[in-house]
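> Given next are the chains, with one letter for each unit.
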Amino acid sequence: MAATQVVRSEWTKIRSVASTVWTLSLAVVVTIALGMLISALSRSEFDSMSTRDRLSFDPTFISFAGMSLGQLAMIVFGVLVVSNEYSTGMIRASLAAVPKRGTFLFSKLAVATALALVVSMATSLAAFFLGQAMLGEHKASIGDEGVLRAVIGGGLYMTLIALFSMGVAAMLRSPMLSLGILMPFFFLISNILGNVDATKKVGRFLPDQAGSKIMQVVPPLGDDTPYGPWGGLGIMALWVAAALLGGYVLLKRRDAQ
Amino acid sequence: MIELEGLTKRYGEKVAVDDLTFTVRPGIVTGFLGPNGAGKSTTMRMILGLDHPTAGDVRIDGTRYDRLEDPLTCIGALLEAKGVHPGRSAYNHLLCLAQSNGIQPRRVHEVLDAVGLTAVARKKAKGFSLGMGQRLGIAAALLGDPRILMFDEPVNGLDPEGIHWIRTLMKSLATQGRTVFVSSHLMSEMALTADHLVVIGQGRLLADTSMAEFIERNSRSYVRVRSPQRELLLDVLHQGGITAVAGGDGALEVDGSKAEYIGELAARHQLVLHELSPQQASLEEAFMQLTAESVEYHAHTGTPVPPQQWGDGWKRG
Numbered sequence: 004m005a006a007t008q009v010v011r012s013e014w015t016k017i018r019s020v021a022s023t024v025w026t027l028s029l030a031v032v033v034t035i036a037l038g039m040l041i042s043a044l045s046r047s048e049f050d051s052m053s054t055r056d057r058l059s060f061d062p063t064f065i066s067f068a069g070m071s072l073g074q075l076a077m078i079v080f081g082v083l084v085v086s087n088e089y090s091t092g093m094i095r096a097s098l099a100a101v102p103k104r105g106t107f108l109f110s111k112l113a114v115a116t117a118l119a120l121v122v123s124m125a126t127s128l129a130a131f132f133l134g135q136a137m138l139g140e141h142k143a144s145i146g147d148e149g150v151l152r153a154v155i156g157g158g159l160y161m162t163l164i165a166l167f168s169m170g171v172a173a174m175l176r177s178p179m180l181s182l183g184i185l186m187p188f189f190f191l192i193s194n195i196l197g198n199v200d201a202t203k204k205v206g207r208f209l210p211d212q213a214g215s216k217i218m219q220v221v222p223p224l225g226d227d228t229p230y231g232p233w234g235g236l237g238i239m240a241l242w243v244a245a246a247l248l249g250g251y252v253l254l255k256r257r258d259a260q
Numbered sequence: 052m053i054e055l056e057g058l059t060k061r062y063g064e065k066v067a068v069d070d071l072t073f074t075v076r077p078g079i080v081t082g083f084l085g086p087n088g089a090g091k092s093t094t095m096r097m098i099l100g101l102d103h104p105t106a107g108d109v110r111i112d113g114t115r116y117d118r119l120e121d122p123l124t125c126i127g128a129l130l131e132a133k134g135v136h137p138g139r140s141a142y143n144h145l146l147c148l149a150q151s152n153g154i155q156p157r158r159v160h161e162v163l164d165a166v167g168l169t170a171v172a173r174k175k176a177k178g179f180s181l182g183m184g185q186r187l188g189i190a191a192a193l194l195g196d197p198r199i200l201m202f203d204e205p206v207n208g209l210d211p212e213g214i215h216w217i218r219t220l221m222k223s224l225a226t227q228g229r230t231v232f233v234s235s236h237l238m239s240e241m242a243l244t245a246d247h248l249v250v251i252g253q254g255r256l257l258a259d260t261s262m263a264e265f266i267e268r269n270s271r272s273y274v275r276v277r278s279p280q281r282e283l284l285l286d287v288l289h290q291g292g293i294t295a296v297a298g299g300d301g302a303l304e305v306d307g308s309k310a311e312y313i314g315e316l317a318a319r320h321q322l323v324l325h326e327l328s329p330q331q332a333s334l335e336e337a338f339m340q341l342t343a344e345s346v347e348y349h350a351h352t353g354t355p356v357p358p359q360q361w362g363d364g365w366k367r368g
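Chains R and D, in that order, give the protein sequences.
Start counting the first sequence at 4; every next residue gets the next number (the numbering used here).
Start counting the second sequence at 52; every next residue gets the next number (the numbering used here).
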């Protein structure tokens, strides 16, 4: 059994269900639109900002503000790609066709991740340029130091969020359970843990808190984060690796139910 | 050929499949019979490598399932009707399975045609009836033109025409020299299709026999005789060299004799008969007898245990 056969099969699976199109387009639209809106608001607020806020004004990061919501659609995409197999019972046909479970899982992840990467990169680029257009005279340029890294990083961040969700869904199997944990975690809990002083030291090692560092060009004043932009993305990648490993081990061990 | 060797599956304390050893041979339809919950589906899932056995081993043409190169071209299975993504079309469902095993897309059209789903090939599976879902499952089983086919309760949800179709299909697949393994909880269904029979109850092997042998051994024909002069009748029968055993209701059962002969014998001795009827034990009865002890959930027959009065325990305590 060649892995290329399985990759082709997984591509057929992913392109033949409607959820792929609507989750990914929602991620694109929400990320870009919300980024543009917040960029436009920031421009009009700039004059009334304190000096302190002006010093740490980060036009690049502001144009990615839509990702806080857009990533939720990416999570849904990642969860559904994997958990659909279980909720529909298709997993039995899939594993009977591809009994090598590692080949099955990693072909699926490869196809979904490649698609997520293309969409995320395009989204990140569009969010940046459209956001900067909204920022007017306060805008950053792609040639500025660290900006290109932040734009590429934004695409990688969204892709890793999707991949993390796939790993979690591979462990939990149920779409409802996976979404019920991931959505509130990334939308609320992680933000609270990463911003409240008491939990900040631990909270900033959470996958999204660490990973989003890569989209920052101007660090906030008094920033004492112990890792840099790539370090943060590395921490996020470790979380993703752990989720995928967990998913793989459980898939290998469990009966296909 | 499918070979099971001491196959066992335990879920905690509960034994679902208990040390099954048997072989499913090519060229015939082998029926896999057992009451609901006997472990048929679990066994079939273990054959496909979906569930891991607690002990024992399954070989598909001598190879472990997960070592098969493109398994769909070797063994095709229908597990249940609705193992399909409801938003995916029948064509794409089969296409993704075909691609994973390097099967040509042309073959997808062939099997859709074979099961009569060509007209709805591009329709989403969520609109399919149970029967159509079953046909799609059978199409998936046939996809790789495999030498071995396995069907779990294939007639479930099919209309009479569909049932007839699948019986014919299974027989023709076996005639082509393929191994056909089909499960059912209905003896009557098996009697029509199977050449060989494997019966299990509570996960244990109860019978592994040819259908002909099973029928011969179990379809007992006897004569039921009832008389108010039971003792006299017994004597007369004994003198005539006929052995009678006590049946229910004070009746006597005589194996392998003609009712006419017993009637004439009784008339000669002027005995009154209240009943004289030839009986045929059905295969269904034979099956039920075989599995009686192993049926997990009995329907209660006879007088129910009188319910305990509320507070009885307290009074006694």
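Read the hints as simulated data drawn from the structure, not as lab findings.
Check the hints yourself; a few may be wrong.
Once the Cα atoms are required to be at most 25 angstroms apart in a straight line, the calculated SDA-like pairs of lysine to any residue come out as [what the hints assert, rightly or not]:
#1 R:Lys255 x D:Ser92
#2 R:Lys255 x D:Tyr62
#3 D:Lys174 x R:Arg18
#4 R:Lys255 x D:Val109
#5 D:Lys133 x R:Lys204
#6 D:Lys133 x R:Met174
#7 D:Lys177 x R:Ser22
#8 D:Lys222 x D:Tyr62
#9 D:Lys133 x R:Gln260
#10 R:Lys204 x R:Met186
#11 R:Lys103 x D:Lys309
#12 D:Lys175 x R:Met174
#13 D:Lys309 x D:Arg281
#14 D:Lys175 x R:Pro178
#15 R:Lys103 x D:Phe179
#16 D:Lys133 x R:Arg176
#17 R:Lys255 x D:Thr93
#18 R:Lys255 x D:Lys222
#19 R:Lys103 x D:Thr105
#20 R:Lys255 x D:Asp121
#21 R:Lys255 x D:Thr105
#22 R:Lys255 x D:Glu54
#23 D:Lys133 x R:Ala125
#24 R:Lys103 x D:Pro156
#25 D:Lys175 x R:Lys255
#26 R:Lys255 x D:Gly113
#27 R:Lys255 x D:Lys177
#28 D:Lys175 x R:Gln260
#29 D:Lys133 x R:Met186
#30 D:Lys175 x R:Thr23
#31 D:Lys177 x R:Gly225
#32 D:Lys175 x R:Thr91
Chain R regions said to be covered by chain D (calculated; three or more residues, Cβ under 8 angstroms) [what the hints assert, rightly or not]:
#33 19-29
#34 73-80
#35 95-104
Just so you know, even glycine gets a beta-carbon here, dropped at the ideal spot from N, CA and C.
> Compare the structure with each hint and give your call.
Hint-by-hint comparison with the structure:
For the hint linking Lys255 of chain R to Ser92 of chain D, the alpha-carbon distance of about 20 angstroms falls within 25 angstroms, and the restraint holds. For the suggested pair Lys255 of chain R and Tyr62 of chain D, the alpha carbons sit about 18 angstroms apart, so the restraint of at most 25 angstroms is met. Restraint check for Lys174 of chain D and Arg18 of chain R: the C-alpha separation of about 15 angstroms stays at or below 25 angstroms, so the hint holds. Simply put, Lys255 of chain R and Val109 of chain D have alpha-carbon atoms about 18 angstroms apart, close enough for the 25 angstroms limit, and the pair holds.
Between Lys133 of chain D and Lys204 of chain R the CA atoms are separated by roughly 49 angstroms; this puts the pair beyond 25 angstroms, and the hint is violated. Under the criterion of a C-alpha separation no larger than 25 angstroms, the hint pairing Lys133 of chain D with Met174 of chain R is consistent with the structure, at around 23 angstroms. As the CA atoms of Lys177 of chain D and Ser22 of chain R are separated by approximately 14 angstroms, the hinted pair is consistent with the 25 angstroms bound. At roughly 35 angstroms between alpha-carbon atoms, Lys222 of chain D and Tyr62 of chain D are farther apart than 25 angstroms, so this suggested pair is violated.
Simply put, Lys133 of chain D and Gln260 of chain R have alpha-carbon atoms about 13 angstroms apart, close enough for the 25 angstroms limit, and the pair holds. Taking the CA atoms of Lys204 of chain R and Met186 of chain R, the gap is about 22 angstroms. The hint holds against a cut of 25 angstroms. With a C-alpha separation of about 62 angstroms, the suggested pairing of Lys103 of chain R with Lys309 of chain D is violated against the 25 angstroms cut-off. At roughly 28 angstroms between alpha-carbon atoms, Lys175 of chain D and Met174 of chain R are farther apart than 25 angstroms, so this suggested pair is violated.
A threshold of 25 angstroms between alpha carbons decides the hint, and for Lys309 of chain D with Arg281 of chain D the separation of about 19 angstroms falls inside it, so the pair holds. For the proposed pair Lys175 of chain D and Pro178 of chain R, the alpha carbon gap of about 21 angstroms is at most 25 angstroms, so the pair holds. With a C-alpha separation of about 30 angstroms, the suggested pair Lys103 of chain R and Phe179 of chain D falls outside the 25 angstroms cut-off, and the hint is violated. Distance hint between Lys133 of chain D and Arg176 of chain R is fulfilled; the C-alpha atoms sit about 18 angstroms from each other, no more than 25 angstroms.
Note on Lys255 of chain R and Thr93 of chain D: the hinted pairing holds, with a Cα-Cα distance of about 18 angstroms set against a maximum of 25 angstroms. In summary, the hint linking Lys255 of chain R to Lys222 of chain D is not supported, as the alpha carbons are separated by about 37 angstroms, beyond the 25 angstroms threshold. Distance check on the hinted pair: Lys103 of chain R and Thr105 of chain D sit about 19 angstroms apart at the alpha-carbon level, within 25 angstroms; holds. Between the alpha carbons of Lys255 of chain R and Asp121 of chain D the distance comes to roughly 19 angstroms, so the proposed pair stays at or under 25 angstroms and holds.
The straight-line distance between the Cα atoms of Lys255 of chain R and Thr105 of chain D is roughly 15 angstroms, inside the 25 angstroms bound, and the hint therefore holds. Distance hint between Lys255 of chain R and Glu54 of chain D is fulfilled; the C-alpha atoms sit about 24 angstroms from each other, no more than 25 angstroms. Taking the CA atoms of Lys133 of chain D and Ala125 of chain R, the gap is near 37 angstroms; set against the 25 angstroms cutoff, the hint is violated. Restraint check for Lys103 of chain R and Pro156 of chain D: the C-alpha separation of about 22 angstroms stays at or below 25 angstroms, so the hint holds.
Taken as a hint, the Lys175 of chain D and Lys255 of chain R pair is broken in the structure, with Cα atoms around 31 angstroms apart against an allowance of 25 angstroms. Of the supplied pair hints, the one linking Lys255 of chain R and Gly113 of chain D holds, its CA atoms being roughly 23 angstroms apart against a limit of 25 angstroms. Between Lys255 of chain R and Lys177 of chain D the CA atoms are separated by roughly 30 angstroms; this puts the pair beyond 25 angstroms, and the hint is violated. Taking the CA atoms of Lys175 of chain D and Gln260 of chain R, the gap is about 23 angstroms. The hint holds against a cut of 25 angstroms.
Taken as a hint, the Lys133 of chain D and Met186 of chain R pair is broken in the structure, with Cα atoms around 29 angstroms apart against an allowance of 25 angstroms. Among the hinted pairs, Lys175 of chain D with Thr23 of chain R is consistent with the structure: their alpha-carbon atoms are about 15 angstroms apart, no more than 25 angstroms. The hinted pair formed by Lys177 of chain D and Gly225 of chain R fails the criterion: a straight-line CA distance of about 56 angstroms is larger than 25 angstroms. Restraint check for Lys175 of chain D and Thr91 of chain R: satisfied, since their Cα atoms lie roughly 13 angstroms apart, inside the 25 angstroms limit.
Coverage of a stretch by a chain is defined here by at least three residues with a beta carbon nearer than 8 angstroms to that chain's beta carbons; for the region 19-29 of chain R and chain D the count is 4, and the condition holds. Counting residues of the region 73-80 of chain R whose beta carbon lies closer than 8 angstroms to any beta carbon of chain D gives 0, which falls below the threshold of three, so the coverage claim is violated. Here the region 95-104 of chain R counts 9 residues with a CB under 8 angstroms from a CB of chain D, which clears the bar of 3, and the coverage holds.
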